[in-house]
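Protein chains in written order, with the numbering used here: chain D, 1 to 251; chain Z, 1001 to 1266; chain X, 2001 to 2260.
Derived by calculation from the structure, the hints in this document are not laboratory data. Where is the CB? At the ideal position from N, CA and C, for every residue including glycine.
Label pairs and their calculated CB-CB ranges:
no.	chain 1	residue 1	chain 2	residue 2	range
1	D	Arg158	X	Asp2073	21 to 27 Å
2	D	Asn232	X	Ser2131	39 to 45 Å
3	D	Asn232	Z	Leu1016	37 to 43 Å
4	X	Glu2190	D	Leu230	55 to 61 Å
5	X	Ala2135	D	Phe113	48 to 54 Å
6	Z	Ile1032	D	Arg47	52 to 58 Å
7	Z	Gly1132	D	Asp48	32 to 38 Å
8	D	Leu236	X	Arg2210	52 to 58 Å
9	Z	Arg1175	D	Phe113	56 to 62 Å
10	Z	Trp1261	X	Asp2172	27 to 33 Å
11	X	Leu2139	D	Asp48	49 to 55 Å
12	D	Met13	Z	Asn1044	53 to 59 Å
13	Z	Ala1168	X	Arg2210	48 to 54 Å
To spell it out: a stretch of chain D is covered by chain Z in this simulated footprint if at least three of its residues, at any positions, have a beta carbon under 8 Å from a beta carbon of chain Z; those stretches are:
no.	segment
14	83-92
15	104-112
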Amino acid sequence: MIRSLALVTALAMWAAISYGNRALEITNPVLLPTPGEVAAVTVALARDGSLARNVLVSGIRVVEGFAIAAVCALGLGLVVGLVTPFRLAVEPVVEFVRPIPPLAFLPMFLVWFGLGETSKVAFIAYTTFFPMFIGIAASLLRVDVMLLRAAASLGATRADLLRRVVLPAAVPGIVVSLRLGFGLALFVIVGAEFMGADAGLGNLIMEGRTFFNPPQIVMGALLLGILGSLVNGLLLALERRALRWRLEPDH
Amino acid sequence: MQWGLRGTPLSPRRALALRLGVVLAFLGLWSIASGLVVVLKLFNPIFLAGPWVVLGKVLQLALNGQLWGHVLATLERVGIGFGTGAVLALSLGLPAGRWSALRNVLEPIVELLRPIPPLALLPLFIVWVGIGETSKIAFITYATFFPMFLTTVHAVQQVDPLLLRAAASLGARRRQLFFRVVLPAALPEILTGIRLGIALSFFVIVISEFIGAEEGLGYLINDGRNFFLVPQMLGAAIVLGLLGYTSNALVVRFERRWLRWERSTT
Amino acid sequence: MSKGSGSARIQIEGVEKSFSLDGGSMAALVDVNLEIQAGELLCLLGPSGCGKSTLLNIVAGFLPPTRGRVLVDGTPVTGPGPERGVVFQEYVLFPWLTVQENIEFGPRLMGVPAARRREVVARYLEMVGLSEHAAKFPLQLSGGMKQRVAIARALANNPSIVLMDEPFGALDAQTREVMQEELSRIQRLEHKTIVFVTHSIREAVYLADRVVVMTRSPGRIKEVFSIKLPANRDRFAAEFTHYESEITQVVKEEVAKVHP
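The following block holds chain D by itself, in its conformation from the complex (with noise of 0.2 Å):
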């Protein structure tokens, strides 16, 4: 079933259910808020300006915290890959840190770093820093010996397998870390504004809850679905275009 006509039965099925459950009065029917009501908040929001606000404020928290966490991966990344004492040194510490869900380090972060900005924006790069970290340097050492074999039969120098054959054949692994990784922040970006946040879209959703307006809590929820999709979308398709000679569907 090609996607779009999946989301317009989804959309069909919940008003269904919600206005069916409305003229039915089978349950409490603020607990089963109707597109229409989804709707309306999203359009109050929008005219005054405050859902374009949190949105950003979410967004550049995501962006900024990937972005760091994104280069220290990268640098890291590739030390650990090509440098074989520092994969050793550094393994025990990374299968160490690695079992700790991130969101249980969020109320550190808020201790160390307060209720503002930074400890959001340092919670991002926390999370997102070690997959991506391991997805390259992985796509590091994963490369197909039998690539640098050929290329050492053309005369390939170290420093030239390294140059010309480990960093091309790694750039695929590395990209798709980048993208999961980012992926990844908007995971947990909404956990992380549940807590002690005074804006963004998860402090919307919370506001939700706390204000008991679950319309709210579906809007933000579907918007960040709706976002998450897009963004994913758009890293898709710029990898595409980067990796052309791969030429196969990912996922």
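Knowing the structure of chain D, use the given hints to seat chains Z and X on it.
Relative to the frame of chain D, chains Z and X by itself:
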């Protein structure tokens, strides 16, 4: 590969020594850093507790019995939430993989909810079910259901139709085809999905335990915020990490036994 | 290391190779002694597991021998190098480079200026019949085309020795025969020293000046055949078939030992 890109590989013993050395160095640096903070009065030392303080705190909580209550609470929520999610994902995913009719019915809902980070809907669960256990468990079920459902469907769909043909021409009937061909062939990917689900449960449980909980490791972490009890926060986070790691390792063990046929020699 | 074609000579002296598996070690090659003349096309032939690919990898410099050594023009082999070009069974083209960029990879590393590189690439593209596909990526090519690019890439670097590991193994029968003819033609043009691994007797008789039959694992040299056939070989000529049956007899003995 004998001729190496990065020079000769280190002997296993030297590698182990290097690893141990690094772990010790890491702990050492951490201790020194927290010590320096005290000595040089850089900032309030409670912000950077040394590793021994953290370990001490964890042991303290363990020995006086408090830790276990929280661990149990978290595990219970994760266990029931993930378990329910897995059961649902499998019971819907396996048939959905086989019958496109069912897939078409479920697809709209999945397509709508998939791009939405589950965390965004946590407040909705709280509004619906209140702050108690049920909303936490229901939330974990919701969060873990989708990825596990999708991987299960995919796992069933990608079973090589040639395998089914081969079995059919050996006399397999429909039920046998399912249990003796489809299920084993799909199992590796299904188990990967399961592991993902477990990781995801631990990932999201924390935040739901921040909001309106009186027990649990997440509660311990957030509670520490009030009085800057950093050792408690770090300690609880580490214990949580251990739990997640152990659960994952258990599934991997299980995978190894049941998927011996899949392992190639590399 | 001289690179002029026609002056290369390979000496394989007392080469042995064992691999360690969990527990003990497995001997792949034992006491291999061979001299390969400049400009000759030598085929290594034998049943599966006889170590012919291992021997090629040792000459290429990818694996060190457990004992013995390989000399190229009197110098011992310590690693891979541009004077020993390799054509792999799995092609191993660089997927992020076009056909053209793949072929000019070696010259580029050597610092050959761009204009000259273009000439070289064009020449070899034509030689393997792929001039129209210069801008394509490997993923867009068929198996036969990929293999031709692999050959062009190895040759464009002007190695004096070319090592080929079952390069036509993954091709269908027709393409395979065409490629054999191409290789024969190129060999006559360029006079390279070629070591060619195959398990097709027919292929070996068609291409080789000498055919070295190896025993089953652990591999030794069982017998060496000199193929005295003219340049353009007729696969159905009596002499051709004669060589084929001679060699088949010898190979069958070895195969029978593996599968009694």
